[in-house]
Amino acid sequence: MNFTIMFDKEKCIGCTNCMKKCPTQAIRLKDGKASIDNNICIHCGECIKICPYEAYSSESVESHKDKNYKFKIAIPSTTLYGQFPKGTEICRVHNAIFKLGFDYVYDESWASELVSVAIKKRIEGNIHIRPFISTNCPSIVRLIKIRYPSLIEHLISLEAPMEIAARLAKTKVKELFNLEDKDIGIFYISPCPAKMLSVSDPLGKKPSLIDWVIPLSTIFSDLYKDVKKDNGMCASNPSLKGIKWSYSGGQSEAANLINYIAVNGMDNIIDIFDEIENGRLFDIDFVEALTCVDGCVGGTFNIVNPYIARNTLKYIEYNTNPDLLFNDDLEKFNDFYKEGVLDCIISPDEAYGQKVNMKEAVQKIERIEEILSALPGLDCGSCGAPNCLALAEDIYNNEAEIYDCVVLKAKLNENKN
Amino acid sequence: MSDKGLIKRIAYNVPANDFKAAGKSSSSIKSNLKAIGIDARILRKIAIISYEAEINIVIHSYGGNLYCDLYEDKIVIVSEDKGPGIPDIEKAMTEGFSTASESVRELGFGAGMGLPNMKRYSDEFEIESSENGTVIKITILI
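Same order as they appear, the protein sequences are chains A and B.
Take 527 as the starting number for the first sequence in the working numbering and just add one per residue.
Take -10 as the starting number for the second sequence in the working numbering and just add one per residue.
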């Protein structure tokens, strides 16, 4: 299984919207069509969101229905509950998931609650690292690996709740139904492409326990119809703390933190990371950085506006009796924490830390500066690179030429005439 | 100052009291060093040192220059300002000691960690000050 962002060349008209929006400058236009450098793509989904011509998608060609397992477990992202009309009971959503052919639903929120407790414990147990940075958003972890390797030591290095949920669900059904590992297929219902990628290409060293990822948007209409019809027996059991992980600030709230920064949207995140890199913000305990607007509710595969989803989730939090909700996995926290079950060790890419040849490196940046000074500095993107500096670098790397610049080319033609 | 082995000097002018622009020079130093491919741990030290040096010029001086000197085996950050100088260097090197005004502190600066931080992350630290200005030279081995 490999979830890369899919791109339909036919639909692309070469408008430069995606190229300008890409936070790692992974997109170039070649022969009038966008092209992604998968080595530096962080799967944030910004290109999918901004493309006016729907040239990008992240939907896998294969369907989850084609996957044969004796026993299928569904782990819905907590953002799913924010997509239905306010007042929809979570158990109705679970019932609808069963109707899609699943045998068991494990609520991600319980794993989120476990990780919340671990966040608090790790922050209190280590006063030397400040601020800690959340490892929940895979795009952010990839951004740090690519653009801010010096911040890797700030990552709180806890596994994303979806992975913990997969582990807990597997253990549980093996006990309950006397199954073996090979019988069980675990399906995650995802709000974003980044989480799909972290299944096929995990951030830490442990392989993912999830077998398949379903983009939330692809099954929503089926679920919605069933949820509307459903009026049978109903008993839901989510963690109200865990549900908070759906929106920005929710992780920190669930971990009972006070001194935190919840930041979302790429431009703001880059500002905050620059500050941390400059040695500021050392008096902050935790930075919860999430790529999408208002956090995971803003993920590409969600249906409703993120702020509406947040309101719906808040409604669930305030209108569900917490006394009725319980999951015995929470009691295992101390063992999990001690055994490192919740850990996700993230190390820098090997390219970093190599000795540089300063003379050569300086010649390189001087050459790039020289090329840059010949360019008009309009950052118009018409050449196929997101700005003049990126074009200068591409020219240096022999991936572009100076007359890819439309301004210089026009001048050249003028002179010829 | 001996320039033996200096491969390149990157120079920035840092105006006094311009808090909106504060951080631009150190940010540019950082992106240059990232482009060069400097190790992340060293980059971090230089980011902190150059940022503190830049902020000090903005808060405490009549303006000055910030330099990033690249050598084969080291990077030297040089901060030169036009005064008024540091009356008591030993005191200024004490953590938590600050002469920054209340209005500057309200902006989140002037916690009295500037010079001590710069020294902590350096391999060599030199400072000279008179009423005509302060020169700080911080060496980081690579």
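Bear in mind the hints are in silico, worked out from the structure with no lab data behind them.
Just so we're clear, the structure is a prediction, and the values are computed from it rather than from any experiment.
Hints may be right or wrong, so weigh each one.
[Unchecked claim] Calculated cross-link-like contacts (lysine to aspartate or glutamate; reagent style EDC-like; alpha-carbon spacing at most 20 Å):
no.: 1; chain 1: A; residue 1: K890; chain 2: B; residue 2: E69
no.: 2; chain 1: B; residue 1: K23; chain 2: A; residue 2: E896
no.: 3; chain 1: B; residue 1: K126; chain 2: B; residue 2: E91
no.: 4; chain 1: B; residue 1: K23; chain 2: A; residue 2: E536
no.: 5; chain 1: B; residue 1: K9; chain 2: A; residue 2: E895
[Unchecked claim] The following residues of chain A were derived to be distant from chain B, with all beta-carbon distances above 10 Å:
no.: 6; residue: K700
no.: 7; residue: V888
no.: 8; residue: I891
no.: 9; residue: I894
Idealized CB from N, CA, C, for every residue including glycine.
Now the hints, each set against the structure:
For the suggested pair A:K890 and B:E69, the alpha carbons sit about 28 Å apart, so the restraint of at most 20 Å is broken. Taking the CA atoms of B:K23 and A:E896, the gap is about 18 Å. The hint holds against a cut of 20 Å. Taken as a hint, the B:K126 and B:E91 pair is broken in the structure, with Cα atoms around 28 Å apart against an allowance of 20 Å. Our distance criterion of 20 Å between C-alpha atoms is broken by B:K23 and A:E536, whose separation comes to about 37 Å.
At most 20 Å may separate the alpha-carbon atoms for a hinted pair to count; B:K9 and A:E895 exceed this at roughly 26 Å. No beta-carbon of chain B comes within 10 Å of the beta-carbon of A:K700; the shortest separation is about 42 Å. Remark: the non-interface label on A:V888 conflicts with the geometry, its nearest Cβ contact in chain B lying 5 Å away (cut-off 10 Å). With 10 Å as the threshold on Cβ separation, the claim that A:I891 sits away from chain B is violated: the shortest Cβ distance comes to roughly 5 Å.
Under the 10 Å C-beta cut-off, the non-interface status given to A:I894 relative to chain B is violated; the minimum distance is some 8 Å.
Comparing the model with each earlier hint shows violations of hints 1, 3, 4, 5, 7, 8, 9; every other hint is respected.
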